[in-house]
Amino acid sequence: MKGLIYKDMLLMRSKWRFLVITSFLCIFVGILFVISSKYGNIARLSESMAPSLETEADRAIAASLPNFIYYLILLLPMAASEAISVCFKADSDSCFSKVFYSVPLTPAEKVGSRFVTVFLCLSVGFCASTISAITVGILSDSYTVEKVLSVVLYCFCITMSFFSAVTMLDFINGGKSTEKNYIIIFLTLGACFIAAEIILTNKHYTAEMILQSIQRAKENAAVVRAVFVCAAAAVTAISYFVSVKAVSRKTGKL
Amino acid sequence: MKNVIELENVVKDYGDFTLDGASFNVPMGTVCGFIGQNGAGKSTTINLILDIIKRDGGNIRVFGEEVADNTAFKDKIGTVFDEMGFNENMTPAEIGRMMSYIYTQWDDAVYRDLLKKLSLPLKKKCGSFSRGMRMKLQIAVAMSHHAKLLIMDEPTSGLDPVVRSEVLSLFREFVMDEENTIFLSSHITSDLEKIADELVFINAGKIMLTGNKDEILESHGIMRCKKEEAALIDKKYVVSVSSNRFGTDVLVNNRHACEAEYPAIPVDVPSLEDILVFYVGSGGRV
Numbered sequence: 001m002k003g004l005i006y007k008d009m010l011l012m013r014s015k016w017r018f019l020v021i022t023s024f025l026c027i028f029v030g031i032l033f034v035i036s037s038k039y040g041n042i043a044r045l046s047e048s049m050a051p052s053l054e055t056e057a058d059r060a061i062a063a064s065l066p067n068f069i070y071y072l073i074l075l076l077p078m079a080a081s082e083a084i085s086v087c088f089k090a091d092s093d094s095c096f097s098k099v100f101y102s103v104p105l106t107p108a109e110k111v112g113s114r115f116v117t118v119f120l121c122l123s124v125g126f127c128a129s130t131i132s133a134i135t136v137g138i139l140s141d142s143y144t145v146e147k148v149l150s151v152v153l154y155c156f157c158i159t160m161s162f163f164s165a166v167t168m169l170d171f172i173n174g175g176k177s178t179e180k181n182y183i184i185i186f187l188t189l190g191a192c193f194i195a196a197e198i199i200l201t202n203k204h205y206t207a208e209m210i211l212q213s214i215q216r217a218k219e220n221a222a223v224v225r226a227v228f229v230c231a232a233a234a235v236t237a238i239s240y241f242v243s244v245k246a247v248s249r250k251t252g253k254l
Numbered sequence: 001m002k003n004v005i006e007l008e009n010v011v012k013d014y015g016d017f018t019l020d021g022a023s024f025n026v027p028m029g030t031v032c033g034f035i036g037q038n039g040a041g042k043s044t045t046i047n048l049i050l051d052i053i054k055r056d057g058g059n060i061r062v063f064g065e066e067v068a069d070n071t072a073f074k075d076k077i078g079t080v081f082d083e084m085g086f087n088e089n090m091t092p093a094e095i096g097r098m099m100s101y102i103y104t105q106w107d108d109a110v111y112r113d114l115l116k117k118l119s120l121p122l123k124k125k126c127g128s129f130s131r132g133m134r135m136k137l138q139i140a141v142a143m144s145h146h147a148k149l150l151i152m153d154e155p156t157s158g159l160d161p162v163v164r165s166e167v168l169s170l171f172r173e174f175v176m177d178e179e180n181t182i183f184l185s186s187h188i189t190s191d192l193e194k195i196a197d198e199l200v201f202i203n204a205g206k207i208m209l210t211g212n213k214d215e216i217l218e219s220h221g222i223m224r225c226k227k228e229e230a231a232l233i234d235k236k237y238v239v240s241v242s243s244n245r246f247g248t249d250v251l252v253n254n255r256h257a258c259e260a261e262y263p264a265i266p267v268d269v270p271s272l273e274d275i276l277v278f279y280v281g282s283g284g285r286v
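Quick note, the sequences are listed as chains P and H, same order. When the count follows the working numbering, it moves up by one through the first sequence with no breaks and lands on 254 for the last residue. When the count follows the working numbering, it moves up by one through the second sequence with no breaks and lands on 286 for the last residue.
In case anyone wonders, no lab produced these hints; they're calculated from the structure. Note that the coordinates shown come from a computational prediction; the quantities given were computed from them, not determined experimentally. Warning: the hint list may mix true and false statements.
[Claimed, not checked] So the derived list for chain H, only partly shown, Cβ under 7 angstroms to chain P, looks like this:
1) L50
2) I52
3) D56
4) K74
5) T79
6) F81
7) E83
8) G85
9) M90
10) E94
11) M98
12) I102
13) W106
14) S157
Glycine is no exception: its CB is placed at the ideal position from the N, C-alpha and C atoms.
In isolation and in its complexed conformation, chain H is listed as follows:
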C-alpha cells in the first residue's frame, strides 16, 4: 500500500521537550489516529509534517515529496487546528473568498454545500460561533479544495457528542474515496475506536506503537491476576503492569500466546484507552 505520510527518525529538540526519533507511515486511503496525552508531542509532529516548524533531524515525506521548504504539497492538504485561526470579524463567506485566492483547487460550491450541511451561517461573523461551530468551519474549509489528505490536530476535542458524531460521519464520507487519507491527533480514544484504521501511539516525544487498529486490539490483552502470578509472566509479553489492592493487571502484547501459555489467568480484550493508559504507564517501554 502506498504511504501518504512517511516519517523517518524525525527529531525536534526544544530543550525542555524532545521529539525523539519519530518514525511511522500513514498508508493511503486510511484514517490514521495519532494518540497521546496532552504534551506528548502530537502537535509538534503535526507542525513538522506541515513544515510549519523546522526539524533538527530525520526525513519527512508527504505524497512522496520531501516537505522541507516545499509549499506545493500543501495545496493537496486540508488542515484543522485546535484553535480556529481566522479573525473573529470575518464571516464564513469572506473566509471562503480568501481561501479561493489561496488554493488552486478551491471549490466554492462544495464549500457552500458543506456550510449548509453543517448548519453554519454564511454571513455571520465567526467571532459569535461556539467552539463546535468554529471547528466545523475549519473542517468545511479543509474539505473544500479537493484535498487528498486531511491533517487535523484534536478536531473533536471540546465538542459535544452530537457535533462529534456529525464531524466523524463527514470524515467517513471523505475516506470513501480510496485516494483520500486522514491523519488526526486526539486523546479521545473513543472517537478513534470508531473511525481509525491505523494508529500511532506517542508518549513523551517517543513513538511507542504503530499499526493497524484491529491488529493492535487483537494482539493486546489485559491479564487480571495476582502479584505473584504477574511475576511469572514472560517479560517479552509484558508492556506494563498496574497493581491495586484488588489485584494486578498486566497489559501483554500477544494475547493469544499468553492465553495458551497461562490458561489459568483470565485475559480481557483491552480498549484503546486501556492500551494508551498502560503504554503511558510503561514510561516509554515498547
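Pulled out of the complex, with its shape left as it was, chain P reads as follows:
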C-alpha cells in the first residue's frame, strides 16, 4: 500500500509548478482582499450599501460581498485535486494496470492506497487554504475563524465525495477514460441541479423563500454540518467498497 502511495506522490511531482503558482495567487488575492476591506472598495461598499437597500434579499447580497474570499478556500484544494487527476491519467498512459494487478497486494490495499492519496492531497490543500483564509479573515475583520472552519468543512465534504466518486469510476473503467469519469460526474451533478430547479419552480419558490431556507439552515448549522459529514462519509465508503469489488471482479479487459 505504501508503495502505491509513494508512486502516486511521485506522479504528482509534475504539478509542483502549478501548485506553487496557485499558492502565490492565493497569497496575492488574500493581500488584495485585506487591503481592499480595510481601505478600499470592499470597505466602502460594505459600509454604504447595506443600510440603503430596501429588500432583505438585496441586503443579504450586499452583506455577502466579502464572502467571495471563500473562493480562496477552494483554490488550493482544487489545485491539489488537479494533481490527483494527474495520477489517474499517468497510470492510464503508462499501462500501469498489469503491474497493479500482478503485485502481492490485496484489492482492498490497492484501492485503499488511492483513497489515502486522495484524502492526503485534499487534506494538505485544505490545511494550506484554511490557514491563509483564517489569516485573511483576522487581518480584514471580515469573518470569524468559526465561519471559515465551517465553510472548509462543507467544501471538504463536497470535494472528498466528488473525488471518491471519480476514483470509483476510475477503478470501474480499469483506469481508462479519466476525462469521461469527470464528464459523468459533472453531468450527474448538472442533472441534479436542474431537477432541483424544476421542483422549486413547480412549488413556486421565490428568492425570499430560498433565503429563508438558507437562514433556517444557518440557525441549525450543527445539524447541516452533521448531514454533510455523514453524506460525505457514506459516498466515500460506498465508492471504496464498489472500487474493491471492481478490482476483485477482474474482467480481463486490460
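Dock chain H against chain P, hints included.
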C-alpha cells in the same frame, strides 16, 4: 519432479476468443517456453496464471496453491510484460524504492547490482529509455525480490540481438539455482531453442503440444516426399502436410518409426520454428 505451475482444463471465454481447456504443467528448475502466434492466447494464459483476469473454468495452481483471490503467491513471482508499465517520469531508483515497499523480500543491493550489470542509469527518467532498456529494467525489477518464478510475456520481442543475448544469459544465471523456474512466452523460436527445457505450444486458444524440448525435437521429423508418397504415410504419425510445386513436406510426430517404416523417404530434423509453423498449419490437430 515438482510442478511450479499447474493448469487443468482452464477456460476463458471472451466471445471472440476462447482459451479452450488449457492443461499443462511447468516443472521446478526449468525454463518453460510458451510458443504461439500473436493472438494465440499466450498473454491470456499468463494473465490467468497471475490471477490478473478471472477464468471461466478449470484450476490453476502456482507453488501448489490455488491462485484465485490469492495474493501471497505473487510475492514469490517476478513478472515481465511486453509493455513496461512504469510511469515515464519515474527513475529506476524511484521504481526500486516503490517496489521495496511492495515486495517483502526486496533486495536493493541485488537491484542496484542488476542495473549496473545491465548498464541502466539509476537516476534517469525511464521515459527516455529505449525498448531494450525498458525491458531490461523490468527484468531487473522482476529479479530483485528473490523470486522463485519468473513469468514473462514476450520479454525478448523487439530487442536487438546483443540485448537479447544479454537477457538470455541473465535467465540462464537465474535457473542455475534449481529451485528457480522461468515461464516465458515468445514467438521468437530461436530464443527458446537456446534457453528452454520445456515447451508448450498454443494455437487459437488450444494447447497443441507440451513436453521436453529435446524430446519434442527428437520425436518430430519432416518427411520430404512427393504428394503420392505423402498419402501413403500412416495418419497416426502425420501432424500436418505442406505442399508446394517442388514437393510435399509432412511433419510427423514419430521420426524414428517413420524412418523405419518408410526408408525411401528422407526425414529431416525440424527446428522449433518448423514445428510451430506445421502445428499452426494443422489447424489445431495434435
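Now for the hints, and whether the structure bears them out:
no.	hint	result
1	L50	holds (5 angstroms)
2	I52	holds (4 angstroms)
3	D56	violated (10 angstroms)
4	K74	holds (4 angstroms)
5	T79	holds (5 angstroms)
6	F81	holds (5 angstroms)
7	E83	holds (5 angstroms)
8	G85	holds (4 angstroms)
9	M90	holds (6 angstroms)
10	E94	holds (6 angstroms)
11	M98	holds (5 angstroms)
12	I102	holds (4 angstroms)
13	W106	violated (9 angstroms)
14	S157	violated (15 angstroms)
Of the numbered hints given earlier, the model fails hints 3, 13, 14; all others are met.
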